[in-house]
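Chains D and F supply the protein sequences, listed in that same order. Each number in the numbering used here corresponds to the 1-based position in the first sequence with 24 added. Each number in the numbering used here corresponds to the 1-based position in the second sequence with 24 added.
Derived by calculation from the structure, the hints in this document are not laboratory data. Among the hints, erroneous ones may be present.
Where chains are identical, the list cannot tell them apart; a pair therefore holds if satisfied intra-copy or between any two copies.
What the hints assert, rightly or not - Below, simulated DSS-like cross-link-like pairs (lysine-lysine); rule was C-alpha separation at most 30 Å, straight line:
#	residue 1	residue 2
1	K120	K217
2	K58	K646
3	K106	K189
4	K51	K644
5	K575	K58
6	K62	K529
7	K171	K120
8	K575	K588
9	K277	K171
10	K217	K488
11	K529	K58
12	K644	K126
13	K630	K588
14	K120	K58
15	K231	K288
16	K644	K588
17	K288	K358
18	K51	K488
19	K62	K358
20	K365	K51
Small disclaimer: the values here were computed from a predicted structure and weren't measured.
Protein chains: 2
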Amino acid sequence: MHPALLIAAADVPALRQGLTRYPLLEKSYAALRKTADKALASPIVVPVPKDPAGGYTHEQHTRNYYAMQAAGISYQMTRDVKYARFVRDMLLEYSKLIPTLKNHPEAKSSSPGRLFHQALNDCNWVVYSIQGYDAVYETLTPAERTKIENGAFRPLCNFFTQDLKPWFDLVHNHGVWAAAAVGMTGYALHDDKLINLALHGSAGTDKSGFLAQLNGLFSPEGYYTEGPYYSRYALSPFFMFAQAIDNNQPALKIFQYRDKILQKALNSSLQLTNNDGRYYPLNDALKEKDWTTQELVGAISIAAEHYGVDPTMLGVVQLQKKVLVSAGGLEVAKALQAAGKNLPEFQRVSQVYRDGATGAEGGLAVLRTGPQTDQTSLLFKYTAHGLSHGHYDKLGIVLYDKGREVLQDYGAVRFLNVEAKEGGRYLPETHSFASQTVAHNTLVVDEASNFGGREKEAEEHSGKAWFASIANARVQVASAKADDAYPGVAMQRTVALFTDSLSQKPLVLDVLRAQSATEHQYDLPFYYQGQLISTSFAYDRPANQQPLGPKNGYQHLWREAVGKPVRTPGVATLTWLSGPQFYSMTTATDTATHLVMARIGANDPKFNLRPEPVLLVREKAKNQVFASVIEAHGEFNPTAETAAGSHSNVRSVAVLYDGADATVVEVQLARGGTYRLAIANQDAAPGASHEVRVAGQPLRWQGPYVFRHF
Amino acid sequence: MHPALLIAAADVPALRQGLTRYPLLEKSYAALRKTADKALASPIVVPVPKDPAGGYTHEQHTRNYYAMQAAGISYQMTRDVKYARFVRDMLLEYSKLIPTLKNHPEAKSSSPGRLFHQALNDCNWVVYSIQGYDAVYETLTPAERTKIENGAFRPLCNFFTQDLKPWFDLVHNHGVWAAAAVGMTGYALHDDKLINLALHGSAGTDKSGFLAQLNGLFSPEGYYTEGPYYSRYALSPFFMFAQAIDNNQPALKIFQYRDKILQKALNSSLQLTNNDGRYYPLNDALKEKDWTTQELVGAISIAAEHYGVDPTMLGVVQLQKKVLVSAGGLEVAKALQAAGKNLPEFQRVSQVYRDGATGAEGGLAVLRTGPQTDQTSLLFKYTAHGLSHGHYDKLGIVLYDKGREVLQDYGAVRFLNVEAKEGGRYLPETHSFASQTVAHNTLVVDEASNFGGREKEAEEHSGKAWFASIANARVQVASAKADDAYPGVAMQRTVALFTDSLSQKPLVLDVLRAQSATEHQYDLPFYYQGQLISTSFAYDRPANQQPLGPKNGYQHLWREAVGKPVRTPGVATLTWLSGPQFYSMTTATDTATHLVMARIGANDPKFNLRPEPVLLVREKAKNQVFASVIEAHGEFNPTAETAAGSHSNVRSVAVLYDGADATVVEVQLARGGTYRLAIANQDAAPGASHEVRVAGQPLRWQGPYVFRHF
């Protein structure tokens with residue numbers, strides 16, 4: 025029976041009826057039909073591949089696959105054969121072109137494409153075009169089918185599974201797209217060989233293929249190992265192929281697989297967005313991407329069919345203004361209409377995600393507090409490396425105030441699909457800067473990146489969760505270690521997000537402890553976002569600017585100023601303004617602390633980088649504890665011409681005790697009293713008792729930490 | 025009769041009734057009453073002045089004057105004597121404090137204040153406090169009145185008119201505030217001497233004072249000589265004092281004065297905002313300021329009383345969410361309610377403003393095209409200097425696409441009311457960078473500013489309108505000259521905003537002609553806003569960064585890269601991305617053209633500047649014509665993952681003819697044909713005939729210019 029990929033033949037009558045009842049379904053279909061009609065009104069153009077992403081042939085082939093998918097659905101909804109003829113005619117053109125193709129002239133990676141510069145886009149082409157083919161299959165003569173299958177789909181599937189076999193077997197988002205392309209083709213062509221390759225990998229042993237990908241790419245909580253931005257991208261083939269599997273092999277119970285891992289994957293993907301719905305830009309990522317993206321439209325609709333409609337996602341659907349034209353999309357459109365204006369709010373919550381298939385490869389702690397509309401969110405990343413798009417950012421933090429970046433992750437250096445920026449590819453500075461350790465809010469030892477910047481080595485080690493406590497909204501604490509990122513240097517970072525009754529916003533206390541037998545230069549960067557307002561410390565600002573270092577990302581930072589070490593230990597505060605809000609970072613200093621002010625943009629021949637600032641706290645030591653507080657304060661309102669509270673409320677941050685057993689840090693606020701955080705360094709067992717002497721007095725506690733207010 | 029300043033006693037019954045009928049009036053009053061009630065619930069605190077702007081005593085005295093104004097109105101609306109007592113008690117405190125004061129300890133200007141660091145704020149204090157006093161006047165005993173008048177208001181008025189007499193007599197926004205303070209006090213105290221000082225200046229000859237200000241600060245079209253940002257600020261005392269005059273001396277017909285100059289002033293102030301309602305940042309200005317500002321609430325309400333409600337301003341009122349609690353505010357609230365949801369849109373139109381009292385001091389051309397929601401706006405400034413807040417930007421241009429800056433004016437370097445930024449004052453870089461010629465999109469000769477950066481000299485010369493034609497929305501052209509800004513260099517700039525049927529947005533053709541008997545270095549900066557995407561020219565980017573020059577603003581620019589001169593004349597294009605839109609600037613080049621890429625931020629010890637880019641087109645010549653096109657093109661949509669049209673559509677820009685009589689420039693578009701602009705350089709008479717030879721052919725036209733499409 026056809027269709028049987030995203031839409032099953034049995035769904036069609038209900039879908040047609042739904043079009044007349046549920047406005048969002050109708051609107052979603054109308055958009056597809058408009059795409060189809062527009063394509064039908066133009067001549068069929070199937071150009072010889074030539075241009076990189078953003079260029080003409082790239083865009084034309086992309087338009088074509090969307091047009092074929094849209095025409096296929098339009099045919100199923102209307103039974104108007106003009107749509108079927110369009111798909112047929114275009115696929116016949118492709119069946120003439122594809123057998124003539126060698127690798128794309130702009131191909132530069134190890135996985136070249138034929139229609140596009142990379143095989144990934146060829147997979148996209150198959151995933152969408154095969155839906156068109158499947159939808160009009162019944163209208164085609166056997167001869168036409170043979171031509172199309174042998175001329176277009178089989179050659180590409182053979183190319184993926186044979187020519188690019190190692191790539192096809194990757195447990196990686198490309199691999200998921202490849203599996204979906206091959207598997208969906210297998211169902212449409214009734215080709216068990218293709219289906220098995222897709223499901224079980226080229227060796228048929230489930231070391232690769234779709235099941236291996238479901239097993240290997242998500243943690244038990246559904247955290248996608250490449251990070252939030254790629255989770256969104258991978259969800260698309262995961263859900264589309266799963267839907268096709270379920271329509272053809274329901275006995276596989278693919279949506280129940282691994283304790284409903286696909287549901288968890290969707291939930292964690294939605295959770296890992298900031299308060300504006302934009303994906304957290306961990307690892308290679310573009311900051312503009314948000315949860316209205318097309319991939320999530322499909323995932324939410326498909327998930328609704330198999331897990332029921334989640335009412336807290338309806339608000340997202342409303343922003344997306346779209347559903348999939350499928351049985352699941354029908355359910356979502358129906359639920360949205362029934363809900364009317366009373367849409368329950370999507371709840372972003374604190375959560376500790378483990379990484380790795382078994383959850384043993386570190387993780388990501390997301391600490392959140394405040395109402396949904398005014399939430400402070402702190403990310404603490406001690407995951408595995410994250411495959412080829414991973415960054416060397418062990419123990420990095422990122423801080424948001426609502427959707428506003430307070431301490432940013434740079435993301436990737438890329439202008440998606442902008443032809444003039446290397447065809448929209450990742451730019452060289454993604455590797456030379458954005459992925460390097462110094463591009464993140466985490467410790468850099470001796471101006472090198474974690475694992476020497478070697479991906480293979482980085483893949484072998486993850487951070488290690490030490491403890492986390494997120495149950496109390498007023499004080500959330502997470503701690504993790506990384507002992508492998510730098511040879512001979514043990515690192516532990518502990519972050520606390522806490523509310524103080526006299527402070528308008530939550531505060532972050534950040535304690536990063538480095539231990540080594542030998543002396544190192546330790547740099548702790550804080551990529552604050554905004555305009556510098558004031559510093560508590562004096563600095564030299566030279567008249568000329570030089571790069572901060574020769575390599576490992578330092579070559580991309582302009583050295584703007586260097587703060588002078590102070591005579592007595594104390595604190596250094598840097599205050600900045602972002603939108604209507606002042607922020608300060610206050611860090612404990614000693615007589616050796618150098619405060620380095622720098623700006624991104626050096627050695628950037630094509631002006632690919634954004635000129636954003638960073639403060640590096642620099643120490644030379646064997647053992648060092650960096651203790652810092654980040655706070656929001658005051659308000660700047662240029663319309664009302666008021667500005668208040670432009671000074672930090674932190675009077676001091678100090679390390680009161682540091683030993684192999686424990687570290688104790690104290691924060692004194694100018695208003696709001698004093699806080700102490702004691703951290704167990706060697707025994708994080710909940711029942712373990714700890715005692716250290718602080719200022720001559722014993723400090724006792726049980727469990728991995730204690731946080732007290734005086 | 026009291027009250028008789030912003031509210032006349034006779035207005036009170038209708039206002040009270042209006043509160044129950046017109047929600048916006050009620051809401052506006054409720055906010056005032058809340059301010060009053062909050063103040064009444066706290067102890068009266070009148071601290072000894074100590075802090076600069078943003079600091080505690082500054083903010084407290086500001087709160088106090090707003091509280092007294094609010095309590096005065098609350099008393100009039102309720103007749104509850106608690107409000108009257110509050111005003112009385114606070115003014116009695118001030119009457120004890122003020123006589124003890126010397127100049128403010130933080131005073132740094134030549135017009136120091138007593139309660140505040142500058143006299144301007146003391147005037148603000150009087151203007152608001154006197155309204156409170158006036159409102160509760162009838163409740164006070166003669167002894168109380170004497171204490172308050174002699175202790176608080178007279179000493180400050182004497183201070184302004186005697187100690188600061190030269191300042192009081194300034195025809196300048198400070199002078200308007202001073203006149204309003206003294207004049208409103210005069211009416212409240214029934215003191216003709218103060219009234220006359222305020223109206224006619226300290227010499228009583230109308231060389232200074234309010235009438236002189238009405239005569240001198242506005243052009244015949246209502247353009248305020250200090251520029252849009254200060255128009256907004258000055259409108260407040262202009263309208264408040266005018267209202268007080270009208271309530272006390274209606275025979276003066278102040279709202280009819282100078283052919284209703286106040287109405288024209290308000291209209292031009294609203295017109296000189298970008299499509300987001302933000303004031304164009306010409307001269308010293310903060311970019312955040314928009315037309316919802318409090319000053320315009322008052323001006324719109326007062327104008328409505330005297331000129332009738334302008335329905336196209338009701339949309340602004342709706343954004344302001346406020347009216348004045350006055351007879352005019354009542355009219356506005358009534359009109360808004362009557363209009364319901366059908367508010368006519370405010371219409372920003374093309375307009376040529378003359379500058380100077382008689383319109384003889386140059387002007388500002390505002391060329392606009394497109395629907396109100398998608399308007400392109402080009403400002404061309406050849407005004408007088410603009411008093412102490414003026415910038416050295418003769419013949420400067422600024423370009424907007426909707427509310428988005430395409431070619432920016434930097435504005436001023438200031439963080440309003442931010443205590444940590446020098447108390448919120450103008451920062452030194454306002455003078456050393458933002459006001460200098462090189463900080464603007466206009467010609468810099470020999471790395472110096474117009475008039476050697478000397479304000480006195482700059483005040484003596486304005487730009488000169490040459491011609492302007494704004495009647496045809498598809499082609500608008502303006503031309504102006506400036507022969508005094510640089511000794512021995514005559515400058516003429518002509519800008520055309522035109523639409524091309526195959527281009528998605530209007531284009532700007534910019535022709536700047538410099539003529540001199542001796543060779544000069546000519547720099548033409550373009551402060552493009554956004555991320556550089558590509559350049560058509562090669563450049564050297566050194567590994568280290570140095571300031572572009574030693575002074576006149578050049579010291580604040582980092583030299584990022586220098587484009588190499590080309591072997592054959594042609595064009596250089598720079599493309600950038602801002603939000604969803606690509607833009608390009610394409611300029612004609614010859615074998616001597618250097619393209620200098622720079623960024624703001626050098627020699628900025630306190631990090632006061634924003635790190636924004638600029639492209640300088642540099643020539644060494646006696647006579648030079650810079651011909652450039654600025655265009656919007658393509659679209660970047662990261663959510664849909666599409667990017668199209670990232671390449672400029674301009675194939676060439678060339679000067680076909682340049683002579684004493686005329687200049688002819690040609691633009692060839694890759695799509696859309698060829699345009700020629702011929703400009704008469706010596707005779708701009710509408711009837712004059714011109715003929716030049718272009719490429720061997722005669723080109724004939726009549727009038728100051730011709731613009732043709734091939």
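Results of checking the hints against the structure:
1. With identical chains, the CA atoms of K120 and K217 are at most 30 Å apart within one copy only, with a shortest distance of 24 Å there and 97 Å across copies.
2. In this assembly of identical chains, K58 and K646 lie within 30 Å of each other by CA distance neither inside one copy nor across copies; the values are 66 Å within and 59 Å between.
3. In the homo-oligomer, the alpha carbons of K106 and K189 never lie at most 30 Å apart, since the shortest distance is 38 Å inside one protomer and 86 Å across protomers.
4. Neither within a single protomer nor between protomers do K51 and K644 lie at most 30 Å apart by alpha-carbon distance, with minima of 62 Å and 60 Å respectively.
5. Taking the shortest Cα distances, K575 and K58 never come within 30 Å of each other, neither inside one copy (51 Å) nor across copies (59 Å).
6. Proximity of K62 to K529 under the C-alpha cut-off of 30 Å is restricted to the inter-copy arrangement: shortest distance 24 Å between copies versus 51 Å within a copy.
7. In this homomeric assembly, K171 and K120 come within 30 Å of each other (Cα to Cα) only inside a single copy, at 9 Å, whereas the closest approach across copies is 100 Å.
8. In this assembly of identical chains, the alpha carbons of K575 and K588 lie at most 30 Å apart whether taken from the same copy (24 Å) or from different copies (28 Å).
9. For the homomeric pair K277 and K171, neither the shortest alpha-carbon distance inside one copy (34 Å) nor that between copies (89 Å) is at most 30 Å.
10. Proximity of K217 and K488 under a CA criterion of 30 Å is satisfied in neither setting, with 41 Å inside one chain copy and 81 Å between copies.
11. When the C-alpha separation of K529 and K58 is checked against a cutoff of 30 Å, the pair qualifies only between copies, where the shortest distance is 25 Å, while the shortest distance within a copy is 48 Å.
12. Taking the shortest alpha-carbon separations for K644 and K126, neither the intra-copy value of 55 Å nor the inter-copy value of 52 Å comes in at or below 30 Å.
13. Taking the shortest alpha-carbon separations for K630 and K588, only the inter-copy value of 15 Å comes in at or below 30 Å, while the best intra-copy value is 34 Å.
14. Proximity of K120 to K58 under the C-alpha cut-off of 30 Å is restricted to the intra-copy arrangement: shortest distance 27 Å within a copy versus 77 Å between copies.
15. When the C-alpha separation of K231 and K288 is checked against a cutoff of 30 Å, the pair qualifies only within one copy, where the shortest distance is 22 Å, while the shortest distance between copies is 78 Å.
16. With identical chains, the CA atoms of K644 and K588 are at most 30 Å apart within one copy only, with a shortest distance of 14 Å there and 44 Å across copies.
17. Taking the shortest alpha-carbon separations for K288 and K358, only the intra-copy value of 23 Å comes in at or below 30 Å, while the best inter-copy value is 55 Å.
18. In the homo-oligomer, the alpha carbons of K51 and K488 never lie at most 30 Å apart, since the shortest distance is 48 Å inside one protomer and 57 Å across protomers.
19. In the homo-oligomer, the alpha carbons of K62 and K358 lie at most 30 Å apart inside one protomer (28 Å), although the nearest pairing across protomers, at 50 Å, exceeds that limit.
20. Taking the closest pair of Cα atoms, K365 and K51 come within 30 Å of each other both inside a single copy (18 Å) and across two copies (27 Å).
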